[in-house]
Amino acid sequence: MLSFKLALRNLLGAGLRTWLNVVVLSFSFIIIIWTKGILEGWDRQAKADMIKWEIGGGQFWHVNYDPYDPLTLDESHDRIPAGLISSVQPPVPVLITQGTIYPGGRMLSVLVKGIPPEQKILALPTAKMVSADGEIAAIIGKAMAENAKLDTGDYVTLRWRDRNGTFDARELKITGIFDTNVPTVDVGQIWIPLAELQDMMLLPDEATLIVTPENAGPGEATEEWVFRDHEFLLADIESIIRAKGSVGIIVWLILLMMAMLAVFDTQVLSIFRRQKEIGTCVALGMTRGQVVKLFTMEGALHSVLAAIVGAIYGIPLLFLQSVRGIKIPLESSDFGLAMAEKLYPVYSAALVAGTILIVMIVTTIVSYWPSRKIAKLNPTEALRGRIQ
Amino acid sequence: MIKFLFSGLIRDKHRSLIPFLVTATGVMLTVVFHAWMTGVLGNSIEFNARFSTGHVKIMTRAYAENMSQTPNDLAILGTDTLMNVLPQLFPEMLFAERIYFGGIVDIPDKNGETRAQGPAMGIGIDLLSENSPEIERLNLASSLKNGQLPVNKNEVLLSNKFAEKLELSPGDTLTLVSTTMYGEFTLHNFTLAGTVEFGNTALDRGTVIADLRDLREALNMDAAAGEILGFLKTGTYDVVQTTAVTNRFNARFLVEEDEFSLVMKNLPELNNMGFLVEYSDKIKGILVAVFIFAMSLILWNAGLLGGLRRYGEFGMRLAIGEEKSHVYLTMIIESSIIGFFGSLAGTATGLAIALYLQNQGLDLGFMMKNASIMMPSVFRAQITPATWYIGFIPGVISAQIGTMLAGMGIYKRQTSQLFKELEA
Amino acid sequence: MKKLLLVFIITGFTPLLFGQYPDGKDILRKIDDNMISENRYYESSMIIHGRRTSLTFKLKTWTAGDTKSFTEYLFPVREKGTKMLKLDDQLWIYSPSADRIIQIAGHMLRQSVMGSDLSYEDLMEDSKLSEQYNAKVSGEEVVDGRKCWIVDLTAFVPEIAYHRKKLWVDQERNIPLQEELFAKSGTLLKRTRLSEIRRINERWYPGKILFKDMLKDGQGTELVIDEIRFNIEVPDHIFSKASLKK
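Residue numbers (my numbering), protein chains in the order written: chain B, 262 to 649; chain X, 2 to 425; chain P, 2 to 247.
A portion of the hints provided could be inaccurate.
[As the list claims (entries may be wrong)] SDA-like mimics (lysine to any residue), calculated; alpha carbons at most 20 Å apart, straight line:
1) B:LYS637 <-> B:ILE626
2) P:LYS217 <-> B:TRP421
3) B:LYS410 <-> X:TYR329
4) B:LYS403 <-> X:TYR329
It should be emphasised that the hints constitute simulated quantities derived from the structure, not laboratory data.
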């Protein structure tokens, strides 16, 4: 206890030097947490994007629906049931069928997806699906637009087969192109108003899947409709994130070494500078072990102070960033769509607590290491301030 | 004078060794951080590259236009000669022929009639050559779930879930139903050698991996391949190098009027990867900038403390008649020498570590046991031109600023006061 | 191959009444009456024009009624011995190189046959025109130098690939020289041209048929009838899975 008090007094007594070290060390804390938060936030972003663009709060799938086998689409649709979920925001039904488009004499197989233009759950700009002259308004993603060489205002012929297998074809007008990171709403697909597609397919009031709003809670499955929750729909992304986690650990280690460096430097300097003091302590009857303990304690206390200081400015700073996001400036943006890409760092309690704990342990070890030298000092020489 | 200061530094180890070591370590960490971040943030890009885009991809122009449908009727012909020429033209690259195809996998009953079938996506790679780099590239050995890797003609791998759905075990026969590159209907029998798990639903649902030679027979694609992927020998994507390669290739092979002339596409032009490439790059930039800032602060602090602790000495020097400006100047030259050599040493060690991490990589497979994903478990750093100089920013500049700041005290304080600090 | 026959086999056409268009439905009935022979055998060549190369297949085909057909590939060498058996709406394919009989599932039948402008379903469509379409003669036109009736067909059954068809029927020889297939919306999807009309027994036959998908670029798919015989002895065992492997 004595050594603790002594260590604290020594630290605070050193004034500017201590506070410089503490501030620098607190920076290391914040940067370790921040860097991990960015990486974590980036991983989460893929999930967030999928929720925003495609899956909402989960989807009801028609029992026969299989997104990986478009040949089954013919048998996977039914009347949209009422009361699947209880939420203020109405769920969004989507009808899916296969079709062929002929851009510039080429032939491209596509998935045609019907969605209500007035929907608000997904980020798809469905409100742009308005046409003036009777043609069907369609929106497509950037990747699809590039692949099919289509631009806003272009017309393209769509051929499909209705529920009876009868061929039909209509002109589509591209009324909007959207930029998304979610290829599963973009590549190889065309979005048109649900009512049009139901009409075209002779499938009034039918859908293939139903997107529920976020926070609507889990849906009740029925015989015809199976509820697919986030765990199911985001499984692929989750496994990638798990695999990437190990990479973050290496980054974290490098950052930890940076913090170590900060402590080590100060500690070595202070032992060198304070040889006289060490000599005095030993002369006054402290055992060498006690002196080592005192110096180790001083070093470790640095990290405690750093944690406190870091918390004072770090918590508001990190919190603000996690809420406001960090703007990632991107130069290339095609189709005149400015991408305001924001990354939201994610800090878990485990990350913060773990980092503080490990930095403290590491600081203590790093403080102890140069302090061992003390044990080798000859007290009389030390007292004279002789460099050894 | 510099010589004088030099000997001073070398003789007084406490004045030189510790600051030198601290600077060198800081710079080393910066260099390693930069190389590791560059390499690892590109990991998703790398995963895509290995599976589908390559770092660059060669196709016919007509194929490139319809790439999403993998139209093998528009495949590259005469790949045998091309594969001999390419390594000579682009010694910095490794090339791999690939055939991507679609079809149906049909399982016979005991009478040879259909018992089960399912839609399949296929990748034709060099499976059977000894030491084929493709096996490592697709991480096949560690993704193997059942059975073994193909060693004989007409042996294939299937995704595990697909094999389960078709009730197939290693050793069983399966028939690929597809169309040849001329559009003919084709049936080809294969033997299941083993099953693999990708950790990606789309791939796990119905993937066949077959050897190029077998597929050429099955799909009537003699000396043809849909695509030739190019990989930088360094193992990680680098936009500067691939752009140069792409420009050189297209200047030589691309003919605007001929739809079957060869075209090379750079990774950002493929599969919408441009966004990911730029985004990763920007995030790396931000993380590295902040890291350098923090490291600068640490080294600045070290320089500042180093300067502060020598106030006594300065007092003494001033007392015996040295000019303030001269003391200040020597101090700065000293720290420049330390900063420069520290940065040099730090960059050298950092580069050595980064080079090891780039060439050998770090197998983090042991940390990914629960992640059943075909992502390569070996992660690599990547050295770019920036890696060479980035360490000097915190190493030379910030330590310098620290010293300069500490030195300001020489001007502010009285000689007597500085002298007193000698006693402190 | 059935559909081809359905399209062009027309015999015993009703004598025309001058100044008045004949009854369309009547024309269809007669087409149907005449297309259904007990059985037939023919040898044909199919030429598929790809973007890079053209590919020729030679086939021989036996059919019986409108539900059974059996086809064997004679050329190219790679395909030689490949056989296809169709019974009602089921299709089996046998490949000698793999020694396998594969059943082609229902939804696969909509895929295009060997990169051609025809789907398996197109090839297998064999119901009688008069049982699916109402017809009206809407005018006259000269096609390939021959006077033709223009017959508009509109489906009255729902389960049908093409809701509307338009036939140009040779007034003298009673055979369509051109056929257009429309989407329900009225968009022209496919056009078929029949040429090199020859007389075989009591029937008029085209020697060459060109199919063209009108929405996409390309030269289409050609079918050349090298030889055709009607009402010959076709042993029933030909239309069995056992014959696929022979």
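Pair hint outcome, LYS637 of chain B versus ILE626 of chain B [Cα-Cα no greater than 20 Å]: Holds. LYS637 of chain B to ILE626 of chain B sits at ~18 Å (cutoff 20 Å).
For the pair supplied as a hint, LYS217 of chain P and TRP421 of chain B, is the alpha-carbon distance within the 20 Å limit? 15 Å, holds
CA of LYS403 of chain B to CA of TYR329 of chain X, is that 20 Å or under? This hinted pair is violated, its Cα atoms lying about 61 Å apart.
Holds or violated: LYS410 of chain B with TYR329 of chain X, Cα cutoff 20 Å? 67 Å, violated
Checked against the numbered hints above, the structure violates hints 3 and 4; every other hint is satisfied.
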